[in-house]
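So for the sequence shown, my numbering puts the first residue at 867; every next one is plus one.
Don't read these hints as lab results, they were simulated from the structure.
Model, not experiment: these values are computed from the prediction.
Treat the hints with care, since some could be wrong.
To be verified - Distance ranges between label pairs, derived from CB positions: (1) 1155 to 870: 42 to 48 Å; (2) 979 to 1169: 46 to 52 Å; (3) 1273 to 1134: 19 to 25 Å; (4) 1092 to 899: 50 to 56 Å; (5) 920 to 1129: 46 to 52 Å; (6) 1179 to 1153: 17 to 23 Å; (7) 1123 to 1022: 24 to 30 Å; (8) 917 to 1169: 18 to 24 Å; (9) 1102 to 1153: 27 to 33 Å; (10) 1134 to 921: 29 to 35 Å.
For each residue, glycine too, the CB sits at the ideal point set by N, CA and C.
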Amino acid sequence: MKEQLLERFIRYAKIDTESDEKSSTTPSSTNQWDLLHLLKEELTTLGMEDITLDENGYLFATLPANTDKEIPVIGFLAHVDTSPDFSGKNVNPQRHDNYDGSDLVLNENTTLSVSRFPELQNYIGQTLITTDGTTLLGADDKAGIAEIMTAMAYFQEHPEVKHGKLRVAFTPDEEIGRGPHQFDVDAFGVDFAYTMDGGPLGELQYESFNAAGARVTFKGTNVHPGTAKGKMVNSILRAQEFQAAMPGLEIPELTDGREGFIHLMDIQGSVEKTVLDYIIRDFDKETYEARKKLFFDTVAQMQSDYGVESIELELEDQYFNMGEKIKPHMEIVDIISEAFNKLDISPIIEPIRGGTDGSQLSYMGIPTPNIFAGGENFHGRYEFVSAETMEKAAQVIIEAVKLYESRA
867 MKEQLLERFI
877 RYAKIDTESD
887 EKSSTTPSST
897 NQWDLLHLLK
907 EELTTLGMED
917 ITLDENGYLF
927 ATLPANTDKE
937 IPVIGFLAHV
947 DTSPDFSGKN
957 VNPQRHDNYD
967 GSDLVLNENT
977 TLSVSRFPEL
987 QNYIGQTLIT
997 TDGTTLLGAD
1007 DKAGIAEIMT
1017 AMAYFQEHPE
1027 VKHGKLRVAF
1037 TPDEEIGRGP
1047 HQFDVDAFGV
1057 DFAYTMDGGP
1067 LGELQYESFN
1077 AAGARVTFKG
1087 TNVHPGTAKG
1097 KMVNSILRAQ
1107 EFQAAMPGLE
1117 IPELTDGREG
1127 FIHLMDIQGS
1137 VEKTVLDYII
1147 RDFDKETYEA
1157 RKKLFFDTVA
1167 QMQSDYGVES
1177 IELELEDQYF
1187 NMGEKIKPHM
1197 EIVDIISEAF
1207 NKLDISPIIE
1217 PIRGGTDGSQ
1227 LSYMGIPTPN
1237 IFAGGENFHG
1247 RYEFVSAETM
1257 EKAAQVIIEA
1267 VKLYESRA
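Make a model of the complete structure from these sequences and hints.
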């Protein structure tokens, strides 16, 4: 199974599927179709049924039940796109067998060092796949795709293993928050689902952030600096004033666990116009609303000081804490925990400090917890994945499906 997984993963990783948050199409980038069409062909070769790829890039397929028992229809999902935070073009995965615990030289300028990334010590003796130091790897979430495909192949190769009806979905644009925006819940037709989109071995997540995106635009007036007194309005300085009103210690690099944050992601500015792009995250709904209120209140105060047209705010909710929809159905978390235990995996049940397609799908009527896929250091040149962890993830799918059948 391990070599099957690696072969699939490396093949998928080499396909550029970077999503584009500036695009209004779905998928947001045409190159996502390359992987979707490949996966459709592979699903056909595996003998899957009811294979559909719609005009928005949502690929669905069915593994029919091979038992007469009444078993809930279970879905497994992963996303095809990679993050636009770092290049996903010309990915060149590097294989490191029997990792010995030392630093990994990715290229002459880039080293994946144990001092900076001590989690490497957890993988001694395993097979690691890294980048060549010039791109991200795409384990988020091509590891999940490979795991789902490998699990489906296992069931096809072992018809003696009884199971209910299984559905798989490969989706676009998760990395830019649009994964389920065109998802046809009725067509998918499941009772619940799991995303294979987590990190290290043992992660099992059924809570996520409440999330919003905000854009604040400041307008200024440019005049020659030699004659600017009383005339120039520097929008960059207005933007600095706004940022100074944000909580300086509640930022991603200083928070963890259940702590939320306000993250300034991008600045584009000149004297005439400056734009600040933020994301707002918190697990607690009341604190989340308070963070959004801070934006509205700060904008209102600056509009009072400088004029209504001097500053504009666009703020939209992106997704909500999926725990609110999953907690009434905790049996779907409990059975995965049991599958973990059968495989000698210690469950790490903690909130995901991010979002998955499951964050939105849970509010669309499909409770969808998240299971580890094996990657570390997502969205950058230091990303890596363990082949052994990927194998465990595929085994979790298999074991959970067997448990559902045995309980029916």
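Results of checking the hints against the structure:
1. 1155 to 870: 42 to 48 Å: At 47 Å between Cβs, range holds.
2. 979 to 1169: 46 to 52 Å: About 48 Å separates the Cβ atoms of residue 979 and residue 1169, which means 46 to 52 Å holds.
3. 1273 to 1134: 19 to 25 Å: 54 Å, violated
4. 1092 to 899: 50 to 56 Å: 54 Å, holds
5. 920 to 1129: 46 to 52 Å: 33 Å, violated
6. 1179 to 1153: 17 to 23 Å: With Cβ atoms ~19 Å apart, the hint holds.
7. 1123 to 1022: 24 to 30 Å: 41 Å, violated
8. 917 to 1169: 18 to 24 Å: 53 Å, violated
9. 1102 to 1153: 27 to 33 Å: 30 Å, holds
10. 1134 to 921: 29 to 35 Å: Since the Cβ atoms of residue 1134 and residue 921 sit about 33 Å apart, the hinted range of 29 to 35 Å holds.
In this structure, the hints that do not hold are numbers 3, 5, 7, 8, in rising order.
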